[in-house]
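Enquirer: Chain by chain, the residues run as shown.
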Amino acid sequence: MLRIEGLSAGYSAKPVLNDVSIDVGAGQFVAIVGPNGAGKTTLFKTISGIVKPSGGAIIFDGVDLLAVPPPQRAHLGIAHVPEGRQVFPSLTVMENLEMGAMTESGRRDWRTNIERIFEWLPVLKERRDQFAGTMSGGQQQMLAIGRGLASSPKLLMLDEPSMGLAPSTADFIFERLIEIRRQSGLTMLLVEQRVAEALESADHGYVLEAGHVVLQGNNATLRADDRVRKAYLGM
Amino acid sequence: MEGFFQALAAGLLIGAVYGLMCVGLGLIFGVMRVINFAHGDFMMLGMYTAFYLFTAAGVQTLFGNTVGPFVAILLAGPVLALFGYVVHRTLISHVSGTRTASLEGEGHYAQLILTLGIALILQNGGLIVFGSVLASIRTPLSSSAWELGPIFDMSIFLNKARSIDMIVSLVMMILLSLLITRTRIGKSLRAAADNPTAATYMGIDVDRAHRTAFALGCGITAIAGGLLATNYPFHPFVGLEYVIVMYAGVVLGGMGSIIGAFWGGMTIGLVQQMSTLILPTQLQNAAIFAVFLLIIFFRPQGFFGRVVERT
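Just so you know, the protein sequences line up as chains Y and E, in that order.
First residue of the first sequence: 1, per full-length UniProt numbering; consecutive thereafter.
First residue of the second sequence: 1, per full-length UniProt numbering; consecutive thereafter.
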């Protein structure tokens with residue numbers, strides 16, 4: 001569904017991504033793990049068009065994504081749940097969800113989507129009229145996920161959903177994500193620093209270090225790999 | 001006592017129009033974060049557009065002297081909105097929005113120079129095209145009044161034209177609030193203002209949202225300008241006098257708050273009229289800024305301003 005080939009990108013002559021190739025098949029749950037500053041967020045921003053690549057290709061659903069203007073990419077079926085949540089603080093929870101549903105498919109499926117989102121993340125239903133800026137970090141994260149789901153995406157990209165959250169809250173959000181995926185069969189691409197949890201639930205994983213893919217494989221291979229065990233799993 | 005209420009009434013009438021004028025600028029600043037120095041001159045263009053629509057384009061013959069001016073003023077709104085749209089597309093978009101999001105200062109320096117340049121061109125171009133003779137959009141209502149009362153032996157006189165100006169302002173304000181809070185376009189404007197990057201992730205074209213806000217802001221201020229012109233004569237350099245009031249109103253209301261801009265403008269109208277009770281008329285504008293400084297001293301973020309920075 002998403003094929004990234006030899007992608008290089010960076011900010012004004014400082015390369016962050018170097019010849020990165022990643023494949024996400026339809027229905028797959030793919031995790032990208034790696035330390036701070038490895039280029040994970042830049043990779044997502046390049047997919048969404050906020051960062052312009054200096055080389056390589058991104059093919060989404062048979063479309064050359066780099067030829068599509070950034071705001072149009074959401075309409076193709078890419079939902080980006082950004083790092084640090086980035087909900088719209090002065091909009092209510094409901095309005096945030098409506099912004100997620102700006103795409104054609106999101107508008108069409110609004111009723112069924114909102115029902116399912118409220119079922120998966122009931123806190124959003126309770127707080128539907130609250131301003132997003134006044135919610136806790138965990139609640140904002142759930143809103144950001146709900147906002148992404150509201151667009152009826154083909155691919156849900158999650159950038160560190162556990163960032164800055166208490167471990168129990170992060171666990172809860174992980175558990176929700178796995179439940180959402182189990183029920184919807186949605187294709188997901190996850191970037192995470194909580195390597196153990198990410199690799200446990202994903203079908204396939206990539207290890208990104210200093211802008212390079214240093215390792216990839218299905219979840220059993222990665223978790224059995226010595227380097228991963230030592231560097232990330234603390235074993 | 002009667003003088004007090006008379007000044008209060010006059011302040012409320014003019015304040016509503018100032019409020020609308022400030023909202024036009026507040027909308028542009030709130031959504032785009034662009035400091036538009038040319039906004040007073042867009043208003044000047046709105047005044048002349050209403051003037052020529054009324055006198056030369058047949059509105060006067062069609063609607064008469066009483067209703068005609070207000071029809072012309074309302075029509076000047078869409079005309080200036082279109083003008084604003086074109087100015088944004090051809091000029092402002094080059095120094096704002098996603099194009100400059102990654103630059104230091106987000107392109108604010110270029111915006112200052114560009115909008116100042118546009119202001120100069122409009123002022124001097126206006127002088128060439130319209131001439132330096134004072135113009136005004138007079139209606140018979142401008143020189144007649146309704147008598148309120150007598151209540152407790154007091155009568156307050158409300159200038160008819162200014163009263164209708166206030167009603168038009170309030171109706172515009174209500175329509176705009178509904179647009180901003182209830183419609184898909186309005187919500188996407190607020191989302192683009194809150195977080196342009198996240199808005200892009202939602203599939204909102206931020207540059208187009210900016211263009212909409214700019215056009216809307218120009219149209220609204222043009223209507224406010226036309227309303228002012230029913231009582232105050234104008235000339236090509238009139239924008240300078242008002243742009244300072246506009247910025248004071250927007251800052252007072254809280255930078256970025258659209259409803260705040262209205263109350264900021266209202267406050268300025270009230271202070272301006274009430275100050276005549278104790279100060280000579282020449283000091284009206286000095287009084288505005290004395291009160292402005294006082295309010296900003298105690299509430300630097302303005303009435304409705306958020307203290308937190310946007311993420």
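Everything labelled a hint here was simulated from the structure, so no lab data went into it.
Among these hints, one or two may not hold up.
Claimed, not checked - Keeping only pairs whose Cα atoms sit at most 25 Å apart, straight-line, the calculated SDA-like set for lysine to any residue is: (1) Y/Lys14 - E/Thr100; (2) Y/Lys52 - E/Thr98; (3) Y/Lys14 - Y/Ala26.
Enquirer: None of the hints should be skipped; say for each whether it holds.
Expert: Okay, the hints, checked on the actual structure:
1. Y/Lys14 - E/Thr100: holds (19 Å)
2. Y/Lys52 - E/Thr98: holds (12 Å)
3. Y/Lys14 - Y/Ala26: The hint is violated at about 33 Å.
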